[in-house]
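Undergrad: This is what each chain is made of:
There are 2 protein chains.
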Amino acid sequence: MSHPHNTNPSRRALLKQGAALAAGVGGLMVAGPTIAAPRATPAPKFDEIFDIIVVGSGFAGMSAAVQAAEEGDKVLVIDKMPVFGGNSTINGGAMAVAGSDHQAKAGIEDSVELMVSDMLTSGRGMNDVEMLKLVCDGTAESARWLESYGTVWKPFVQHFGGHSLPRVLQTRESSGAGIIRPLIAAAKKAGVTMYKQTKLIEFVQDGQQRVVGVKVKSGYFFPKEKSGSDKLLGARKGVIMATGGFGRDIPFRQMQQPRLTSELDSTNHPGANADALKQMMLIGANPIHLDQIQLGPWSSPDEKGFGTASQFNTAATYQNGIVVDVRTGERFFNELADRKARAEAIMTRRDDQGQPVYPIGFTNEKGAAKAQTLEWGLKYDVIKKADTLDDLAGLYGIPADKLKAQVAQWNQFVRDGEDKQFGRPLMQAFELTEGPWYAVRMWPKVHYCMGGVRVNTHSQVLHLISDKPIAGLYAAGEATGGIHGASRLGACAVAEGVVTGRNAARSAVKADALSLKLA
Amino acid sequence: MSHPHNTNPSRRALLKQGAALAAGVGGLMVAGPTIAAPRATPAPKFDEIFDIIVVGSGFAGMSAAVQAAEEGDKVLVIDKMPVFGGNSTINGGAMAVAGSDHQAKAGIEDSVELMVSDMLTSGRGMNDVEMLKLVCDGTAESARWLESYGTVWKPFVQHFGGHSLPRVLQTRESSGAGIIRPLIAAAKKAGVTMYKQTKLIEFVQDGQQRVVGVKVKSGYFFPKEKSGSDKLLGARKGVIMATGGFGRDIPFRQMQQPRLTSELDSTNHPGANADALKQMMLIGANPIHLDQIQLGPWSSPDEKGFGTASQFNTAATYQNGIVVDVRTGERFFNELADRKARAEAIMTRRDDQGQPVYPIGFTNEKGAAKAQTLEWGLKYDVIKKADTLDDLAGLYGIPADKLKAQVAQWNQFVRDGEDKQFGRPLMQAFELTEGPWYAVRMWPKVHYCMGGVRVNTHSQVLHLISDKPIAGLYAAGEATGGIHGASRLGACAVAEGVVTGRNAARSAVKADALSLKLA
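Quick note, the sequences are listed as chains A and B, same order. The letter at position 519 of the first sequence is residue 526 when you use our numbering, and the numbering goes up by one with no holes. The letter at position 43 of the second sequence is residue 50 when you use our numbering, and the numbering goes up by one with no holes.
Isolated chain A (complex conformation):
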């Protein structure tokens, strides 16, 4: 065959037998081209049957699984990787919440409407507003729901870029693992079955095109596509796709954004590819905003992946420090702008040959107090320490007088309560008066896919033609498209994952249960 084709397992098997089968059942064999046609065939015998199958075990997947199990359903979670959690365990574990107890304690008046408005601004108006409202509206309750399973938030609330006020909660561990681990424990306690190294190969659909299960490779060993053995898993109520983005799928991301070559690093885990997205598209899912791929503005070229700099810059330099061009010692953007604005600003720093001139972000001891990766960053030489601004300038070849002038100007802005250079909000800002200083070189990395499949507010995947649900198919988290528009705000992926994962589960739980047959 000259190219792969869009079939479900039994279709593919039958295609292979092709003419023989046709001849066998009705003597219809003909010469020349033939037309592939569906027919009613026996229901497959499934190796195992569940009410709900969740594909993926990150924030969205684990939230869906726990929610569905809480409501009494028999749930399976599969993940193709040898560990659970995907990208959700290798990020900062920060969740934007509108109206948290933490905000109330800090005297910060927030609202769902304000969070929606911030996300719309960052999304350049491309957001699916109904889904966006659903997410923002669910954050406060979902943050408490996570706490009830054991997530512990730091006692303070943070001000991330693009948010108009401090609204970010962060796990005690500064890692999404502080959410995933408790959810996995809760899932196991609630009787959820969890299979790792189990990769979705194709959907199984019935004669009415309802998704009734998945064909998987069991014992799959990423990235060996031929590893593992076939299994058919039945889902009486539906399949929830919590399969994340494709930030590490270099060919696929380059089809949409040719500049995102292999030379640009990514914060994602190696399995973050487009395989699951493609399977959804093959059965009619409608892809939205696939070319909107976020670059994280807080990463460092001096280490691989998410590393130590991302958390350091998020918690320290962006909130409590400044970022300067090493050639001039001058700031060149609002350090609390949204990610797209910051990443694009950083990537303008190039020499005459177009090669990156990495800017540095820095803060002092007080500013770095809440950065949990400081020690590791220093150890790996990603973060550098300098006692004085002169020393700092020397480390990076910055004109010392200009650097000192910039810091003095910044301090004046803080005293005046207004950033006259770039309009940065100064609610939590303080003057940078004394060392030691901590600095890191910065360059963006591929971080998050705003694009994905179109869903409705019941988290049902909508069909390209009808814009009505593909029966039995739900999606949540990064696998969906449209919520964030052109640029996701920081800490809104955890919010989206948890809220939409639970939303998908609530919808699937209510679906009619089909009667499927075991092998």
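I should point out that these hints are in silico values taken from the structure, not numbers from a laboratory. Among the clues, some could well be false.
Since the list gives no way to pick one copy over another, a pair counts as held whenever it fits inside one copy or between any two copies.
Stated by the list, open to error - Cross-link-like lysine-lysine pairs, in silico, DSS-like; alpha carbons within 30 Å at most:
hint, residue 1, residue 2
1, 231, 475
2, 377, 475
3, 391, 427
4, 195, 377
5, 524, 386
6, 411, 392
7, 411, 203
8, 377, 391
9, 52, 81
10, 238, 81
11, 52, 411
12, 238, 373
13, 233, 475
14, 373, 52
15, 391, 517
16, 373, 161
17, 409, 427
18, 81, 409
19, 524, 475
20, 377, 81
21, 392, 196
22, 392, 373
23, 373, 427
Here the structure of chain A is known, so what remains is to put chain B in place on it, guided by the hints.
TA: For chain B alone, kept in the frame of chain A given last:
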């Protein structure tokens, strides 16, 4: 059935017979869910058979048809509308050409590389560079090819926004009809069959998933989806999709860009919807950049559609005049920037309630000399005439002293050879010294879809999974995605349509011809 499904004609017919058929051929009828599966069935009997079927009759479709017929193939062109030509007859008929005879005569040194570079800049680096080179490289030869069929270019070359020098040829008629009419005549002379009111419903694929024809509604009357009768048309070598964009498909464009509501007008013809794109996606075509939808920056809110202002602004105010904010009398962008930059600049002009404050573009008698729609625009009161700048200011409520100061400043820039405000290229600029003045209010309209299906340099549509060609399926023109990236430059759609249409035809002509059967 709860939602439409992805089937070809015979699959759909068989689905309807469902269980009955299964029982009939093999006694396999079962209770409960069943799995749709393909099987080898008799080849369909086609109502008519051609070598190549071209869907769409704009620049790409007609170029493909003429090219294929020139090479001796039996060609059918279908168009769903009651007239041929689609958007290609309701635009300015301007074609960007690198290295034209017109440029040589005017002493303008251009190159394919420079045109590629201009388009990459406008496309924000999102362009498919190989396809882009193919298009630019083919422009000079294709412009002569059009001439050979009767297209007559104006004797001068124009400087459109975003191009770094004058390279735009325009038909004598200032309309794409000056290209489409000669091509239709050439097609008919070469024996091409042409059916209008014939809508593609689905592709017909053989057992190897090769596209072998199309199911159409013959006698279709747009937009009545139930009009017309079914026909199966066979294509021994392949189907070329020259089906344009979806600028008038309000639900579909809003899925990607919620702001493009029905309140935003479009320059496109009413049939410019996503139906054909969706059919390609259903058989595995890979959609690229669907959210990149261009707003034309030269249209007027004072008339519907492309109207008279678009040509006037393109040929007159943008090349030979200036655009000002009516509240200040001041310019606010480079009038020769690319379309995205200009449209976005214009759409920043809003009042406190966010309502548009339409800027005006204006020039004088000399500047308007080449605008063929001037007379009509004046007649319909879209273009207004004023003898003096004071009168002009009075017409639009502009502070007269400020308007005069802006014109004086502009004239100084022209004398200095440098636009110190916005860096506009001044190669063809002249001072605006005397009236009468001609002005038009401006607001963007939905104009062009940069997005579409992914193709290779043989114009073969590539499959989502394999990134290899879907056998028998070609695409050209606006139906494809990636060539223009984030923003198409003016006059590059004609270039793309003609060059890629011919390219698709050359590829399809070389394909093996299947032996298909007539009914």
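Undergrad: Hints first: check each against the structure and report whether it holds.
TA: Hints, one by one, checked against the model:
1. 231 - 475: Result: close only across copies, 21 Å inter versus 36 Å intra.
2. 377 - 475: Neither. Shortest intra-copy (47 Å) and inter-copy (50 Å) distances fail the 30 Å Cα cut-off.
3. 391 - 427: within (29 Å within a copy, 43 Å between copies)
4. 195 - 377: neither (33 Å within a copy, 75 Å between copies)
5. 524 - 386: neither (57 Å within a copy, 74 Å between copies)
6. 411 - 392: This pair counts as within: shortest intra-copy Cα distance 17 Å, inter-copy 58 Å.
7. 411 - 203: Close neither inside one copy (53 Å) nor across copies (73 Å); limit 30 Å.
8. 377 - 391: Close inside one copy (17 Å), not across copies (63 Å); limit 30 Å.
9. 52 - 81: within (18 Å within a copy, 49 Å between copies)
10. 238 - 81: Result: close within a single copy only, 18 Å intra versus 49 Å inter.
11. 52 - 411: neither (73 Å within a copy, 82 Å between copies)
12. 238 - 373: neither (55 Å within a copy, 76 Å between copies)
13. 233 - 475: Between copies only: 20 Å across, 35 Å inside.
14. 373 - 52: Neither: 63 Å inside a chain and 79 Å across chains, both beyond 30 Å.
15. 391 - 517: Classified as neither; 54 Å inside a copy, 62 Å across copies.
16. 373 - 161: Result: close within a single copy only, 17 Å intra versus 69 Å inter.
17. 409 - 427: both (17 Å within a copy, 28 Å between copies)
18. 81 - 409: Classified as neither: same-chain Cα gap 64 Å, cross-chain 73 Å, threshold 30 Å.
19. 524 - 475: within (28 Å within a copy, 37 Å between copies)
20. 377 - 81: neither (41 Å within a copy, 73 Å between copies)
21. 392 - 196: neither (46 Å within a copy, 79 Å between copies)
22. 392 - 373: within (13 Å within a copy, 66 Å between copies)
23. 373 - 427: Intra 24 Å, inter 45 Å, cutoff 30 Å: intra-copy only.
Comparing the model with each numbered hint stated earlier shows that hints 2, 4, 5, 7, 11, 12, 14, 15, 18, 20, 21 do not hold.
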